Amino acid sequence: MTSSLVLGLELAYWQQSILRSLGILLAVLLPAGTFVYLFLFKMVSFMQSRLGPMEAGPFGSMQLLAEVGKWIQKEDIIPEKADRLLFKIAPYLVVSTVLLTYIVVPFGPDMIFANHDTGIFFALAVSSISTLGVLAAGWASANKFSLMGGLRAAGQLIAYELPLILAVVGVVIQAGTMNMSGIVAAQANGEIFGFDGIGSPYFITQFLGFVIFMIAVQAELAQTPFDMPIAESELVTGYLTEYSGIRFLLFFIGEFAAVGAFGAIAATLFMGGWAVPAAWADLNNNIFNLLGPLILMAKMTLVGGFIFFIRFTMPRFREDQLQKLAWTVLIPLSLVNILATTILKVAF
Amino acid sequence: MSEFLRDYLTVAIFAAVAIGLLLVVLALGKLIRPVRPQADKYLTYESGVDAVGTAWDQTPVRYYVFALLFVLFDVEAVFIFPWAIQLETYGWFGAIEMSVFIVILALGLLYAWRKKVLQWL
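Chains as they are written, first to last, in the working numbering: chain A, 1 to 348; chain B, 349 to 469.
Accuracy of the hints is not assured; some may be wrong.
If you anchor each label on the Cβ, the simulated ranges turn out as follows [what the hints assert, rightly or not]:
id, chain 1, residue 1, chain 2, residue 2, range
1, A, Val336, B, Pro382, 28 to 38 angstroms
2, A, Ile343, B, Pro430, 13 to 23 angstroms
3, A, Leu30, B, Arg384, 31 to 41 angstroms
4, A, Leu30, B, Val383, 27 to 37 angstroms
5, A, Glu75, B, Phe427, 42 to 52 angstroms
6, A, Gln15, B, Ser350, 16 to 26 angstroms
7, A, Leu22, B, Phe427, 51 to 61 angstroms
8, B, Leu376, A, Asp282, 41 to 51 angstroms
9, B, Ala375, A, Thr313, 33 to 43 angstroms
10, A, Val336, B, Val413, 19 to 29 angstroms
11, B, Thr437, A, Val336, 19 to 29 angstroms
12, A, Val336, B, Pro430, 28 to 38 angstroms
13, B, Thr437, A, Gln15, 33 to 43 angstroms
14, B, Leu379, A, Leu30, 16 to 26 angstroms
Stretches of chain A that chain B covers, calculated by requiring three or more beta carbons in the stretch to come under 8 angstroms of a beta carbon on chain B [stated by the list, open to error]:
id, region
15, 40-52
16, 142-153
17, 161-169
18, 221-228
19, 235-245
20, 287-301
21, 336-347
Don't read these hints as lab results, they were simulated from the structure.
Small disclaimer: the values here were computed from a predicted structure and weren't measured.
Each residue gets a CB set at the ideal place from its N, CA and C atoms; glycine is no exception.
Please build the complete structure, drawing on both the sequences and the hints.
Written out as structure tokens, the structure is:
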């Protein structure tokens, strides 16, 4: 099938794809904006006993638009010593790869952009490219703070990429597929030792994997307590030091889109994604194309809120503590998790 | 075009649209923002002090050993994923086979640990 009818218009495949891409980009930027307002502006203000933004719109809800307006009209400064091409490419590399992770996340029975058989593998592979963008930004700035920040980001990726991937292996073993829709179905139809009333959400059956995954996500996203690449009290703002105006805004969008992306992936892998347990409702019902995105969004907000909650609660680790936690605790634990899951899977 | 390749075509189209959208945002900024060049603005920022030397210098990268270990375990992960999908088919044979593989690699990590590679210098 090379063309199909959309709203009475005959559209070729690539035209459809472009329309759907624009649709999903808007759908992604909306929750990212909500994250910023709800968690970064309001929750942190509440946690730190202050009001937060109040002036722009009711309860300061238009603050985000005001901030974007501010950044867009700032002068574009590229330091003269910087590697100009790389300096300009770096933000694109970060943001576009973060957005790419969304396309394998299923939002409903038919609401999936690209139903890859290697879905989760694709998402993990693409999401790690964005750290390359961070390293490029640090190097291209020709600034010592930036370079240190970029190198720290690379070291952090190296250390926490492994627990992240190995924690996902547990889920893949249990679901028997890397396809994201397949993982959702496996959780909705699963059972825990013969009890199928709530399906088999993997944050219960893969609890260790879930904990490792969330710690690794916190580090991959460079959120406090793992924010050494930015570390404003030691490195000015790390790899962001020389960026200003709209290019800084792109990094900022990338950061929050990444929280949303990992929130969606964590919700899909461990919390049943867009589905509810199959014992509760018929999941092939068309209504789930409408309800699915809302259910996923709710779970995503839960995970995102948790990430920000930790961010504003914990003090920053030292760089050596970060490496030590990954290599001597998380990686051995995730290997044990894989072996335990294997034995349980084969035995039952 | 096969279904498999088409899935990757959608990835390419999506990436193009995403980058296009970012370009539009940047072009929009170009229409609005001021341009008032002054030599001082383009200096390297080092907290207000004149920068000494350049950043592109020899730097001790302390985690290069971790990078080597990373390659080892990343390759392991690549082998584990296809096996993990087929575990149901392999049964105990697959389970024991992969346990041996994982334990051998874990011994590598243990060796590095004992050799104090994982310690901060």
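Exercise for the section: If any of the earlier hints don't hold here, list their numbers in rising order. Expected result: 1, 7, 12, 15, 18, 20
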